[in-house]
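Enquirer: Sequence:
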Amino acid sequence: MSSPGKDAQALIRATGSQPRLVQLRGEWWVRGIFPLIVLRQADGATLLLLPDSQGRYQHSQSEDGVPALLTTEEAAGMAAQAYCLYPRPIGGAASAHRWRDLRFLSHVAAYDLRLALLFGVAVSILSLTVPLIAPILLAAASTTTFLIILLIIVIAAVLTAVFQLGRGLALLRAEVRIGALVQTFLWERLLRLPVPFFRQIPPGDLAARLDGLSVGRTRLVSALLSLTLNGSIAMMALGLLLLLDRRMGWLALSGSTIVVLMAILLFRRAVDLSQRLATRQNHLLGVTVGLVSGIAKLRAARAEARAFRFWQSSFGALRLASVGAARARRIALTTQAAFAPTAFIGIFIAAALGWWQSSGEMLAATIVTGILATALATMWTDILLAARAIPSFEQLAPILQTAPEGYPARRDPGTLSGTFELSDIYFGYEPHDPPTLSGISIRVTPGAFVAVVGPSGSGKSTLVRLLLGFDTPQQGCIRYDGQCLSELDLHAVRRQIGAVLQHATLIPGTIRSNILGAAPLTEEDAWQAADLAGITPMIQALPMRMNTIITESGAAFSGGERQRLLIARALARQPRILLLDEATSALDQRGQAAVMHGIARMSLTRFVIAHRISTIRHADWIYVLDQGHIVQQGSYDDLIALPGIFQDLARRQLLLL
Numbered sequence: 001m002s003s004p005g006k007d008a009q010a011l012i013r014a015t016g017s018q019p020r021l022v023q024l025r026g027e028w029w030v031r032g033i034f035p036l037i038v039l040r041q042a043d044g045a046t047l048l049l050l051p052d053s054q055g056r057y058q059h060s061q062s063e064d065g066v067p068a069l070l071t072t073e074e075a076a077g078m079a080a081q082a083y084c085l086y087p088r089p090i091g092g093a094a095s096a097h098r099w100r101d102l103r104f105l106s107h108v109a110a111y112d113l114r115l116a117l118l119f120g121v122a123v124s125i126l127s128l129t130v131p132l133i134a135p136i137l138l139a140a141a142s143t144t145t146f147l148i149i150l151l152i153i154v155i156a157a158v159l160t161a162v163f164q165l166g167r168g169l170a171l172l173r174a175e176v177r178i179g180a181l182v183q184t185f186l187w188e189r190l191l192r193l194p195v196p197f198f199r200q201i202p203p204g205d206l207a208a209r210l211d212g213l214s215v216g217r218t219r220l221v222s223a224l225l226s227l228t229l230n231g232s233i234a235m236m237a238l239g240l241l242l243l244l245d246r247r248m249g250w251l252a253l254s255g256s257t258i259v260v261l262m263a264i265l266l267f268r269r270a271v272d273l274s275q276r277l278a279t280r281q282n283h284l285l286g287v288t289v290g291l292v293s294g295i296a297k298l299r300a301a302r303a304e305a306r307a308f309r310f311w312q313s314s315f316g317a318l319r320l321a322s323v324g325a326a327r328a329r330r331i332a333l334t335t336q337a338a339f340a341p342t343a344f345i346g347i348f349i350a351a352a353l354g355w356w357q358s359s360g361e362m363l364a365a366t367i368v369t370g371i372l373a374t375a376l377a378t379m380w381t382d383i384l385l386a387a388r389a390i391p392s393f394e395q396l397a398p399i400l401q402t403a404p405e406g407y408p409a410r411r412d413p414g415t416l417s418g419t420f421e422l423s424d425i426y427f428g429y430e431p432h433d434p435p436t437l438s439g440i441s442i443r444v445t446p447g448a449f450v451a452v453v454g455p456s457g458s459g460k461s462t463l464v465r466l467l468l469g470f471d472t473p474q475q476g477c478i479r480y481d482g483q484c485l486s487e488l489d490l491h492a493v494r495r496q497i498g499a500v501l502q503h504a505t506l507i508p509g510t511i512r513s514n515i516l517g518a519a520p521l522t523e524e525d526a527w528q529a530a531d532l533a534g535i536t537p538m539i540q541a542l543p544m545r546m547n548t549i550i551t552e553s554g555a556a557f558s559g560g561e562r563q564r565l566l567i568a569r570a571l572a573r574q575p576r577i578l579l580l581d582e583a584t585s586a587l588d589q590r591g592q593a594a595v596m597h598g599i600a601r602m603s604l605t606r607f608v609i610a611h612r613i614s615t616i617r618h619a620d621w622i623y624v625l626d627q628g629h630i631v632q633q634g635s636y637d638d639l640i641a642l643p644g645i646f647q648d649l650a651r652r653q654l655l656l657l
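So the sequence shown is numbered by the numbering used here: it starts at 1 and just counts up by one.
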């Protein structure tokens with residue numbers, strides 16, 4: 001099965017989009033949301049197809065260069081596989097406007113939103129049909145005239161139903177298109193945010209913010225279009241009342257103005273209460289997820305009661321916010337219920353004052369007033385709905401305002417040789433805390449085996465985070481092949497580095513997917529990586545071998561087996577540099593030796609963080625870290641002979657007699 005090849009990869013890099021290989025089925029050329037890179041089978045040309053606001057794909061391969069719609073014949077000549085391009089973050093500067101990155105949404109559903117608005121205007125016009133012909137209906141002198149007018153009313157009712165259906169379908173289509181783009185955009189942006197961002201917001205809180213957007217988006221689109229529709233109905237009703245009776249029209253206009261002013265005050269108050277409620281809900285979910293995920297630690301520390309009190313305080317704050325929001329909503333609904341009675345009281349007063357000369361005029365004014373009251377009441381509900389939706393977008397402000405990695409664009413490092421250097425590095429996780437690392441300078445040459453040891457809390461794992469670009473040093477520079485990491489494309493650097501972090505976990509899926517990940521590799525590559533990690537016999541002993549399912553916790557595998565799978569994952573891409581952070585701590589001496597022997601067969605640079613001295617016995621050079629400082633460095637034989645931290649660590653591990 002053919003699919004776009006090297007030309008497509010070049011085009012993907014040029015667009016800077018996130019690709020996904022998809023199958024083209026059905027009438028795909030008229031139902032698009034995302035751009036596609038396709039292969040034209042006739043001449044092997046690679047084309048970029050862009051959807052218009054109606055979902056029809058177009059290309060720029062026409063003779064005059066003007067984008068042309070893809071025809072059925074042209075679509076049939078495309079390969080069955082294509083690359084779907086997801087939108088990348090726009091405007092990466094943290095100082096950018098909050099919603100600047102979502103400006104492309106104005107195009108994706110423009111056609112459907114215009115159609116929904118057009119149907120809404122038609123419905124608002126048809127809704128005034130009855131009041132306009134009511135006086136004629138009452139004054140009808142013949143049965144024929146009566147039947148004609150009745151037929152007009154029936155036709156207006158049928159057309160209203162048809163237009164309402166069309167409006168609903170257009171809104172549904174717009175919601176699907178906007179929803180697909182927004183969710184994809186946000187997840188794409190979220191996955192590109194710097195690692196320190198995820199220390200600021202708990203996982204549960206972050207998940208609630210993203211999930212809340214789906215509901216908030218639906219509410220806001222529905223509320224805004226309903227406000228537009230009912231607003232037009234209200235204005236037409238006011239205009240008709242002014243035509244029927246100027247006094248009644250001015251009275252209705254005054255009442256409507258009061259309602260609008262009250263609605264503005266209501267909206268501000270409702271947004272504030274909804275924001276407070278959403279914040280409490282997200283915080284509670286973050287607390288709940290944290291407590292549930294750490295339940296084993298809580299029980300081991302016998303801290304269940306303390307954890308419950310902590311959860312209870314968050315839940316209590318949520319209940320208080322819920323009561324406040326519910327009270328305000330009840331007051332708003334009670335006020336809304338008074339609209340219609342107040343309007344009809346005005347009608348009866350006007351009738352008692354003799355403002356109308358015929359029953360037909362009174363009937364028309366009564367119907368129009370009822371339409372106006374209904375429109376205002378619906379707008380009142382829409383305002384409440386919009387107020388509840390606004391916080392869903394406000395909660396996303398940290399995601400949109402944080403600059404993603406790689407912005408502004410950085411240069412490609414090229415193929416790394418394996419040389420890297422940390423030069424006079426100072427780093428601390430918090431500005432007010434003592435630095436985690438101070439004056440660290442380390443140089444590693446291609447193919448070298450360099451190790452870092454030291455007591456817990458000395459800053460060893462922080463070195464790996466800095467080398468991967470997860471964090472940025474406050475002072476000093478990290479260089480790969482003489483190029484400063486802060487000036488390089490982090491993704492291009494990481495693609496050439498295999499890393500096993502201290503608390504790395506397996507991903508739910510198969511053994512094959514855990515080893516290969518998203519890399520374009522084969523099962524043979526997976527077996528080769530497994531062999532280097534010394535886990536091939538274990539996989540071959542399983543009934544499903546590489547297709548064996550791994551659960552979320554990976555509980556079916558021992559700690560050593562999980563670590564070997566993680567090492568196999570790090571080796572699968574044939575990296576130039578390998579970073580291991582306590583990656584063999586769960587292995588026995590024999591298993592560790594087998595893994596290190598397999599790694600030694602590869603031509604790569606090894607940078608190993610270890611607590612167990614036997615892991616780094618054959619290292620070319622060893623750095624000893626203590627309280628963020630390098631206190632010793634040298635070969636294993638040199639350090640073991642010198643009094644100091646390294647010798648003490650070795651003695652405690654019974655490596656010295």
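Hints listed in this document are in silico derivations from the structure and should not be mistaken for laboratory results. One should not assume that every hint holds.
Cβ pair distances, simulated, as ranges [what the hints assert, rightly or not]:
1) 543 - 224: 19 to 25 Å
2) 520 - 44: 17 to 23 Å
3) 224 - 397: 16 to 22 Å
4) 27 - 164: 26 to 32 Å
5) 397 - 429: 19 to 25 Å
Note that CB positions come from ideal geometry on N, CA and C, so glycine has one too.
Enquirer: Take the hints in turn and mark each one as holding or not.
Expert: Status of each hint after checking the structure:
1. 543 - 224: 19 to 25 Å: Violated: the Cβ-Cβ distance is about 56 Å, outside 19 to 25 Å.
2. 520 - 44: 17 to 23 Å: Since residue 520 and residue 44 have Cβ atoms about 20 Å apart, the given range 17 to 23 Å holds.
3. 224 - 397: 16 to 22 Å: holds, 20 Å
4. 27 - 164: 26 to 32 Å: Check passed, 27 Å falls within 26 to 32 Å.
5. 397 - 429: 19 to 25 Å: The hinted range 19 to 25 Å holds for residue 397 and residue 429, with Cβ atoms some 23 Å apart.
Of the numbered hints listed earlier, the single one contradicted by the structure is hint 1.
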